[in-house]
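Participant: Dock chains B, C and D against the given chain A, drawing on the hints supplied.
4 protein chains.
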Amino acid sequence: MKFDVYASMLYTANSPGTLILNIHALRTPNQTVVSEMFTLEPYIKAEELVSIHGENRLVRFEVANPGEISIVYTARIDNAYKLVELGDVPETPVHQLPTDVLTYLNPSRYCQSDKLFRLANNMFGNIENPFQKVSTLVDWIYNNVQYLSGSTNSQTSAFDTVTEQAGVCRDFAHLGIALCRALTIPARYFTGYAYKLFPADFHACFEAYIGGEWILFDATRLAPLNSMVKIATGRDAADAAIANIFGDISFNAMQVNCTLADENFVPFYYLPGGTQGISYL
Amino acid sequence: MKFDVYASMLYTANSPGTLILNIHALRTPNQTVVSEMFTLEPYIKAEELVSIHGENRLVRFEVANPGEISIVYTARIDNAYKLVELGDVPETPVHQLPTDVLTYLNPSRYCQSDKLFRLANNMFGNIENPFQKVSTLVDWIYNNVQYLSGSTNSQTSAFDTVTEQAGVCRDFAHLGIALCRALTIPARYFTGYAYKLFPADFHACFEAYIGGEWILFDATRLAPLNSMVKIATGRDAADAAIANIFGDISFNAMQVNCTLADENFVPFYYLPGGTQGISYL
Amino acid sequence: MKFDVYASMLYTANSPGTLILNIHALRTPNQTVVSEMFTLEPYIKAEELVSIHGENRLVRFEVANPGEISIVYTARIDNAYKLVELGDVPETPVHQLPTDVLTYLNPSRYCQSDKLFRLANNMFGNIENPFQKVSTLVDWIYNNVQYLSGSTNSQTSAFDTVTEQAGVCRDFAHLGIALCRALTIPARYFTGYAYKLFPADFHACFEAYIGGEWILFDATRLAPLNSMVKIATGRDAADAAIANIFGDISFNAMQVNCTLADENFVPFYYLPGGTQGISYL
Amino acid sequence: MKFDVYASMLYTANSPGTLILNIHALRTPNQTVVSEMFTLEPYIKAEELVSIHGENRLVRFEVANPGEISIVYTARIDNAYKLVELGDVPETPVHQLPTDVLTYLNPSRYCQSDKLFRLANNMFGNIENPFQKVSTLVDWIYNNVQYLSGSTNSQTSAFDTVTEQAGVCRDFAHLGIALCRALTIPARYFTGYAYKLFPADFHACFEAYIGGEWILFDATRLAPLNSMVKIATGRDAADAAIANIFGDISFNAMQVNCTLADENFVPFYYLPGGTQGISYL
Chain A
13 MKFDVYASML
23 YTANSPGTLI
33 LNIHALRTPN
43 QTVVSEMFTL
53 EPYIKAEELV
63 SIHGENRLVR
73 FEVANPGEIS
83 IVYTARIDNA
93 YKLVELGDVP
103 ETPVHQLPTD
113 VLTYLNPSRY
123 CQSDKLFRLA
133 NNMFGNIENP
143 FQKVSTLVDW
153 IYNNVQYLSG
163 STNSQTSAFD
173 TVTEQAGVCR
183 DFAHLGIALC
193 RALTIPARYF
203 TGYAYKLFPA
213 DFHACFEAYI
223 GGEWILFDAT
233 RLAPLNSMVK
243 IATGRDAADA
253 AIANIFGDIS
263 FNAMQVNCTL
273 ADENFVPFYY
283 LPGGTQGISY
293 L
Chain B
13 MKFDVYASML
23 YTANSPGTLI
33 LNIHALRTPN
43 QTVVSEMFTL
53 EPYIKAEELV
63 SIHGENRLVR
73 FEVANPGEIS
83 IVYTARIDNA
93 YKLVELGDVP
103 ETPVHQLPTD
113 VLTYLNPSRY
123 CQSDKLFRLA
133 NNMFGNIENP
143 FQKVSTLVDW
153 IYNNVQYLSG
163 STNSQTSAFD
173 TVTEQAGVCR
183 DFAHLGIALC
193 RALTIPARYF
203 TGYAYKLFPA
213 DFHACFEAYI
223 GGEWILFDAT
233 RLAPLNSMVK
243 IATGRDAADA
253 AIANIFGDIS
263 FNAMQVNCTL
273 ADENFVPFYY
283 LPGGTQGISY
293 L
Chain C
13 MKFDVYASML
23 YTANSPGTLI
33 LNIHALRTPN
43 QTVVSEMFTL
53 EPYIKAEELV
63 SIHGENRLVR
73 FEVANPGEIS
83 IVYTARIDNA
93 YKLVELGDVP
103 ETPVHQLPTD
113 VLTYLNPSRY
123 CQSDKLFRLA
133 NNMFGNIENP
143 FQKVSTLVDW
153 IYNNVQYLSG
163 STNSQTSAFD
173 TVTEQAGVCR
183 DFAHLGIALC
193 RALTIPARYF
203 TGYAYKLFPA
213 DFHACFEAYI
223 GGEWILFDAT
233 RLAPLNSMVK
243 IATGRDAADA
253 AIANIFGDIS
263 FNAMQVNCTL
273 ADENFVPFYY
283 LPGGTQGISY
293 L
Chain D
13 MKFDVYASML
23 YTANSPGTLI
33 LNIHALRTPN
43 QTVVSEMFTL
53 EPYIKAEELV
63 SIHGENRLVR
73 FEVANPGEIS
83 IVYTARIDNA
93 YKLVELGDVP
103 ETPVHQLPTD
113 VLTYLNPSRY
123 CQSDKLFRLA
133 NNMFGNIENP
143 FQKVSTLVDW
153 IYNNVQYLSG
163 STNSQTSAFD
173 TVTEQAGVCR
183 DFAHLGIALC
193 RALTIPARYF
203 TGYAYKLFPA
213 DFHACFEAYI
223 GGEWILFDAT
233 RLAPLNSMVK
243 IATGRDAADA
253 AIANIFGDIS
263 FNAMQVNCTL
273 ADENFVPFYY
283 LPGGTQGISY
293 L
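Protein chains in written order, with our numbering: chain A, 13 to 293; chain B, 13 to 293; chain C, 13 to 293; chain D, 13 to 293.
It is possible that some hints are incorrect.
Rough simulated footprint, nothing fancy, chain B against chain A, three-plus residues with beta-carbon under 8 Å [to be verified]:
no.	stretch
1	129-135
2	164-175
Facing chain D, from chain A, some residues (calculated, C-beta under 7 Å) [said to hold, decoys possible]:
no.	residue
3	Thr104
4	Val106
5	His107
6	Ser120
7	Arg121
Honestly, the hints are just simulated from the structure, not real lab data.
Glycine is no exception: its CB is placed at the ideal position from the N, C-alpha and C atoms.
This is chain A alone, in the form it adopts within the complex (with noise of 0.2 Å):
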């Protein structure tokens, strides 16, 4: 599937500092980026960082003059994802994951998976089918937990989002993860672009390790789970920001924008006692 992928963001620098911005289309085996076009207005050299595991396209610049900084990034994206048929799949158990997967276990910034233990395993411990198990606390935020703009902040974390129950993609993320981890099933964060997103934004949602495959889950429901875009995996968003700012410097204002190059879309979610995941690479 092709995509047209647009964003735009408005900084002010008030001192000198660093930038660094998450929002390149990742490579993938499954994810070619076919064009793509970063500015920088003032021009400044920035420079791309290389992640040793693939999680992401870091771009960083130094922004020594105090001023307006205007950033746009076009891309034109083919990827693919693939359907996992997961009615059969057991849980992995844990000395059999890989040893690059058992990081996902672990509890993190925003998804303190140590302190939901007992809830998660209350609530869905007894769901033997791990997509089925997945599924199930997915819908349950998606029942739950109000999509409410402004009602939480950058500090925001998955124990807050369990009892306050409201939130944004990025809250609905962390909550799946740290879920997910507390039943023992490894989790990461997805950022990326996403085709019908309304409002246009970055999006946010998760990947839960079945079968061997890291499959996409998003509680929102606000994309359909095939529209994606991948920017970056990691933790949570502690490691996925798309912007992590040094210095005095202050962001105005952003435009996102992701359109179908392809014909024939055809929006996929997943549908009550399906068995078949998504898993994009």
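Facilitator: Positioned in the frame of chain A, the structure of chains B, C and D alone reads:
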């Protein structure tokens, strides 16, 4: 019903300080203190503090000299409770609540009802009958929160317990109170002696204001509801702590007991589908 | 000193509900309500709730019909404060505190003094004179906590603010109260109208019990200490919220004003090294 | 310097499960594992997990049968540290930090540096030299946080400790890390064996990235800085827990020891005004 209650406590004062104890059985229209004895060893002059609202009978004394302090309280109590038929009793609207009850709708130190608003209403908001509503949330606490000595401390609050789902009687009570208040049902902390409580200790449960009465609930199910001798009520354990210590005075040991001084005790617990609540006053 | 105070508030009721307002100037021996007017538009019968302790003058009314509600309160107040010489006044030991003051040593919803015990004593415990002690901690708050509108919400507590170091007047007051109680100095929340407060709004500060008097402190320094008209005191904002809303009623807008109806106002602030505190009663 | 390290641990498996241990001495250019022995009793096949970053040497094994498990690890280690002169070394600006170091600026489960930003900068932001800055904050932790066994648990984080000011080595380390990151100095958790640690146990301290080196700091002052055998580094204890337990396996007992296998050990601690940091690699 007549009960003999007993409490002994040992402290070591390392420096001068003040102790405020909250272990005396309350005197109410339905609870008579037939006889009681309070001794401090070595002898210290103690002052009984008269609470304006009759919520407790604090005893305060200054510890002028370092050393061990032994406290013994014994009393014979004659009290009565009433059974209140609540099957058809609707919720009292806020504009009809007595002024002195309104305060029990507010969040307090250990009962952050403001943070549990969505959760409580998502889980229990659709139950119409208030006795049924509170009974259901109390059953939910009983079924989901693990009674686990040592799992919590004096700083643990309902906001913690609703997620961590482990605690002791005080935590069960705080969670019940917070959920009630989040559902606009006034609720307050109740501390007392409880016959048949095992292991013997001071007990904590809570009262909810339904049908113009303070109805007793105990999410631990550790003692019959009709086995209680009331020591105090308050917003939460911050108001009704067994002991408040000022200065470098350390707690060493405690023994608590409550025996029946009557015949024919028939334990009473709420049963599923029941419509009768217990009220002490 | 005579002040004219004014508050108007606009709500929209989306469903029936109840509003409890806490905006009336308190009547005390030193604060006379010369005249006042309270109007609801459309007309609703409102009930003034008499507080047993004289801590506030709540007004409660049922909103039976959806729609806009406009509230206007105006009053002329004549009040006086006294200056109390505290340079040689020692701390009141706990065993000498009046019974009704003891409650202001307890932790409360927004003032978790139990959690701030070591911090408070590490920072301020070595200061002997209590007025000096509280003045020093108030200066510390002023110097370290940034006044930042919108940085906190109705759930923010002293435990948050002591670390996050940003907030509004309510947060400044909560932190001051929590620190005092952790130092075994009774402290309570104070809400009122304040002349020369900019931008005009309801104000919050706090009182500490020193030398047998409730002495006023304001860590924001946003208004002169002698410019206050007391609305209420309480343990914290849970007791003294401007409005408690029950039901689906949303807040739209508010206007608050406090002007001088006298001549010769000389602003009074505590100065470094000062020994005189202000007490309203 | 040569050390003999020893760790024995006893677990009881109540059901099948998996254990992942993190007790092996790390192999680094400056730390040679001269000899080591790891035994499980009863015999279970264990797998050493190779960390991509060389941050740890995990051992994982499946516990198939209920019963007691006895673990013994002994090793002789030969390691070296270097003294780094940091008196004139300036802070590394973010745009010059190596890519793999950037992650140690992010907040993590136990080190919520995002919440400590104002506090850290208010307290230590005006110190220019980074070694001096970190030394000062480490001294502040030492002077204000009480080492108190049992005062915290596995969920305690830097956000708690900065206010509650009590904890164990792990809490001291987390607070140091969080403050560094809040000051834009990369910092990571360090766990190891420590000679002369009393009482003997695994130790935790932290490293800050200064002058292109990972410099060791220990806010507990419980062991000389040159007495360490590194087990692992990570973002915080979530990455470098001594043991991760999956399944119903309970911990019973542990013994840890670290003795000198060399002569002439001269304990090294940072002194006030010192400019030399210790770096292990």
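Participant: Hints the structure violates: just list their numbers, smallest first.
Facilitator: 3
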